[in-house]
Amino acid sequence: MWRSILLKEWLKIRWFLAAALIVNLGFIIKIFVDIRSILSAEHAQMVWYQAVHLHTVFHHDMRYVPLLTGLTLAAAQFFPEILGRRMRIALHLPMARDGMMFFCLAFGLGVVGAIFLVDALFIHLTMRAYFPFEVAVSAVMTALPWFLAGVWGYLGAVAVLLETAWPRRVFFFLVFSVLIAMLYSGVGYGWLTPALPWLGALLLPAFLCVFESARRFQRGGA
Amino acid sequence: MKNVIEVHNLCHRYNGRSIYENLNFSVPEGSVCGLLGKNGQGKTTLVNILMGFLKPTSGTCLVLGENSHNLSPAVRHRVGLLHEGHLAYEFMTITQTEKFFRGCYPGWKSEVFFHLMDKMGLPHNHRVGNMSCGQRSQVVLGVIMAQSPDLLILDDYSMGLDAGYRRLFLDVLHDFAAQGNKTIFVTSHIVQDLEQLVDTIIFLDKGEIMQVGLDQFMRTFRKYVFQCERDASLPKDEVIRGFEQRGRQVALYSYEDMEAVDRHLASLGIQAHQLCRAPMSLEDGFIGLMGKY
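As given, the protein sequences belong to chains A and P, one line each in that order. If you count the first sequence from 1, position 75 lands on 75 in the numbering used here, and the numbers rise without skipping. All you need for the numbering used here is the position in the second sequence, starting with 1, plus 222.
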């Protein structure tokens, strides 16, 4: 039965996934081209000074792309379900509600995670091509809060979409917005790295929060 | 005979407004039960409660022996549910719809689904979202029939359908009911269609319920017509359950025989010319019992 759920989720997001991949790869290519042009325009020592001493983040332009990716895929996956309250179809399937939700979320998070993994890999390879290993690792660590924002954005959007009561919707919107805003509040390389495990741990209650929203969606007249 | 649906002392309130108070009824296995009520009387709410999409304020609803707000996947497997508005996954094609539901229902009958789809004459790669309301309803009908459920719950299946599609539903539902031990619980705003389908009717009005066999209702509830020279403002009472007036022609509905009605009208000072019993359809009976508005 889980194959059917995955088929449904795939059919909903496939074109949005393709668009998200194109946008993400487009930004990665832009970063690569930008760094190349900086290196050809300026002296290598100057670029080194910018990177190491001034903490110029060369992949800064793509900081909102993961968030946009998470929000887009959440909307692609769950907007058709709440439109006309179509999720009632899935909720009537001979499958436990939580199990069904788990498959849907696991699929969505898996896709979002896979895109971010590709992003991280290309950021690392791009930086590694011109900078030492430590700088390349630091560049990836700097991008991790952005990826986390993408995952927060995904879970937040799902929770907000599935909620039936507007006060709760607004509450979730505010909570997730504050959390996401925090991930963008610093500058420089790896500024949030020490706090990442704690922020990552917060994903679990966010994940569970979506299950509660789904429960209320069903109990509230769906 | 065991009951497939049992409702005991059901109460439900919405925004402080009482929808039902102490509702009690049951639907026996193998019956075709029609739930009738005017708009806004809570038919869809009742279906939502029965399918676990709404928790009632109090009372018990049992569907195939399980509490309706906690139905197990095994019981949901046995219930074919047609949601109001013929809900379907519009991003899927016919083939994808079949593939999706086939994976969810082990006893899925592909031939039943495709038999209904082929009647549409559409290619199987046609998207549900590009179909007309009638075609979409046919896909949904194919889905619930291919599940081969024990209990069918249809929430206003006739919504937006023309006579042809409504007749298709009736044909398919007749065949389904004829299989034996299959139960149908149906709501529809096209009352005359239900007359051809159901054996039991549940009238839902202002939170109260009346359950009666179709034959018994059509036999005991009567329509009388007469000519009246002035505006007949008839009171609703034990004899006069409802009436309609168009010009001088009055239609009166009652459980009483014609003599009792004639006497009652005379006692009210109404001269009923050419009083006679008239043929009554289920829709007439529905209007006579529930009123128009």
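Quick caveat, the hints were computed from the structure, so don't treat them as lab data. Some clues are possibly wrong.
If you only want the chain A side, here are some residues facing chain P, beta carbon under 7 Å, derived [as the list claims (entries may be wrong)]: (1) R3; (2) K12; (3) I82; (4) R86; (5) R88; (6) L93; (7) A136; (8) R219.
Here are the simulated distance ranges between beta carbons [unchecked claim]: (9) A/K30 to P/R239: 43 to 49 Å; (10) A/R215 to P/Q401: 31 to 37 Å; (11) A/E212 to P/V434: 54 to 60 Å; (12) A/M182 to P/T279: 24 to 30 Å; (13) P/K458 to A/V175: 29 to 35 Å; (14) A/L204 to P/P295: 55 to 61 Å; (15) A/G84 to P/V434: 33 to 39 Å; (16) A/A18 to P/N289: 40 to 46 Å; (17) P/N289 to A/A201: 50 to 56 Å; (18) A/E212 to P/H346: 35 to 41 Å.
Model, not experiment: these values are computed from the prediction. For each residue, glycine too, the CB sits at the ideal point set by N, CA and C.
Here is how each hint holds up against the structure:
At its closest, the beta carbon of A/R3 sits 5 Å from a beta carbon of chain P; the interface hint therefore holds under the 7 Å criterion. With a least beta-carbon distance of about 6 Å to chain P, the hint placing A/K12 at the interface is held under the 7 Å criterion. Interface restraint check for A/I82: the shortest CB-CB distance to chain P comes to about 12 Å, outside 7 Å, so the restraint is violated. Residue-level restraint check for A/R86 holds (minimum Cβ-Cβ distance to chain P is 5 Å; threshold 7 Å).
Given the 7 Å rule on beta carbons, the hint for A/R88 holds: about 6 Å separates it from the nearest Cβ of chain P. Among the interface hints, the one on A/L93 holds; its C-beta lies about 5 Å from the nearest C-beta in chain P, closer than the 7 Å criterion. Look at A/A136: its Cβ only gets to about 40 Å from chain P, farther than 7 Å, so that hint breaks. For A/R219, the shortest C-beta to C-beta distance to chain P is roughly 5 Å, which falls under 7 Å, so the interface hint holds.
Distance hint check for A/K30 and P/R239: the Cβ-Cβ separation is about 58 Å, which falls outside the suggested range of 43 to 49 Å. About 36 Å separates the C-beta atoms of A/R215 and P/Q401, a value consistent with the hinted range of 31 to 37 Å. Our hint of 54 to 60 Å for A/E212 and P/V434 is violated, since their Cβ atoms are close to 43 Å apart. Checked against the hint of 24 to 30 Å, the pair A/M182 and P/T279 fails, with Cβ atoms roughly 42 Å apart.
The supplied range of 29 to 35 Å is broken by P/K458 and A/V175, whose beta-carbon atoms lie about 55 Å from each other. Look at A/L204 against P/P295: about 26 Å separates their beta carbons, and that is not inside 55 to 61 Å. The hinted window of 33 to 39 Å between A/G84 and P/V434 holds, with their beta carbons roughly 34 Å apart. For A/A18 and P/N289, the Cβ-Cβ distance of about 44 Å falls inside the hinted range of 40 to 46 Å, so the restraint holds.
Distance hint for P/N289 and A/A201: a CB-CB separation of about 37 Å, inconsistent with the stated range 50 to 56 Å. Separation of A/E212 from P/H346 is about 39 Å and conforms to the stated range, judged on CB atoms against 35 to 41 Å.
Comparing the model with each earlier hint shows violations of hints 3, 7, 9, 11, 12, 13, 14 and 17; every other hint is respected.
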